[in-house]
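Keeping their order, the protein sequence lines are chains A and B.
For the first sequence, full-length UniProt numbering begins at 1 and goes up steadily by one.
For the second sequence, full-length UniProt numbering begins at 1 and goes up steadily by one.
Take these hints with a grain of salt, some might be off.
What the hints assert, rightly or not - If you only want the chain B side, here are some residues facing chain A, beta carbon under 10 Å, derived:
no., residue
1, Ile5
2, Asp10
3, Ile11
4, Pro12
5, Gln32
6, Gly33
7, Arg40
8, Phe42
9, Ala43
10, Val48
11, Glu59
12, Glu61
13, Gly64
These are computed hints drawn from the structure, not numbers from a lab.
We put the beta carbon where it would ideally sit given N, CA and C, even for glycine.
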Amino acid sequence: MTLTIFAIIILFLAVMEAAIPYLVKRTVVFGVSIPEEYTKASELREYKKRYALIVFSVSMVVFISFLLWGMLASPAEEQLVLVCTAIPIAMILLSLACYVYFHAKTTQLKRQNRWGENLKQVRVTDLSVRSQDEMLPWYMYLLPMVVTLGVIGYTVLQYPTLPEQIPTHWGPNGQPDAFTAKSPISVISAPLILLVMQVMFLGINETTKRSGIKLSATRTEASRIRQLTLRKYTSWFMFLISLLLTMLFSFLQLSTIHEGLFGEGTMLIAPFIFLLVIFGGAIVYAVKVGRAGEKIGTESVEGIGDVDEDQYWKGGLFYFNKNDPSIFVEKRFGVGWTLNLANPKGYFIVLGPLAFILLFTYFV
Amino acid sequence: MIIQIEPQSDIPIYMQLTNQILEGIARGALRQGESLPSVRAFAADLGVNMHTVNKSYHELEKRGIIRIVPKSGAVIQSQEAIEKNNPHYQRIQQEMKTVIAEALVLGFKSEQIEELVASVTKELKGKPRLK
């Protein structure tokens, strides 16, 4: 079971990492902005192909040797978990190394060919684009919170019947393997953490909504579709994660309150389904966003180009722009969002809840 | 309506914004009573500082063309409201004087200037450009 779960995770990661160059905006190649007319340059295509090939083939070798090792050597559970944590980290580092290499190559290519140097740089927006935004309204995110409050209330009511040992961790077999002493706080600590995460999702949704809808001057229509799709599906995907987490946490809480309520099979399969649905959702999200607006052909706008924002992107990965009031901006390498690191509010929204959860789990 | 600014131009960004909004209203791409985005949203969409958008909105409010609604944005005033408090004539006269003076210095004939005024008016008031 553990082997299957980790095999799926590794395979998922390998495919996603390898596909990134084909899922990002066409006008940003390895974190370097490329004027529309040069995006089809043969060198750039070659770079993308080489990146995808290297990442995918190395990952496959790792994946297959992992499978063989897992099945033939039948390693101990602990050993397996250790290796399975190390492999994804190694894969991410590998793709990062490839990224850094091709980022440098692309930067060099752009400079050598003086791409975009003769263009008049402009910024555009459409005054009506805000009315087309389809992100979920904030109150949708209250629904899972209501469920959590219900679970907390029910736990309080059932307090006398709760066991003396409250589970805090579940092993790969779906059964609890770590416990803490029963206390009014420890029994509701899991739903409380869930509540903090739900507040964080709400906060991210709202700040994303307030962040800019960035249009491109040379491909206004395509960029509009991409931005609106990214916003819509981000808010749906985040809502899905919030719902799934609520279901999983409520499920575990109920299994603690009523011991033996769910059979061993259910305990084993529930987290597995949780994982599969999240991966499925992530794939749909990446593909929907990655393909959005790509069918729209080139609009013929001569002599102008988008403002070259490379100066605000450190290494093509970290966005730092004091003038932009946006807290979240679309990632340059990968599908999704990244923080505007020049805006302190962003740190608060992302790190605040994490710090709370960490402090809470350590000191309570 | 599409707003396009040029950060490296000699004309300050807030003025480019003001001019384009004015032109949009004149053309009919922006209608009276229609609201403009909030300062934060507009600045975020364009990736410029909020003060820049704020300055442009205040400039337009000072001229009586929009009404700033705290927190939600700005609304384009109705024709009656714009005409009612009308100290505009003198200001426009003054501004045109500057331009006409420059045109005369540059050797434009008075017919040429009249023709220019007529053709610009026709261009703006003629067929409204699609959004």
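Any hints this thing doesn't respect? Which numbers, in order? Per hint list: 2, 3, 4, 5, 6, 11, 12, 13 violated.
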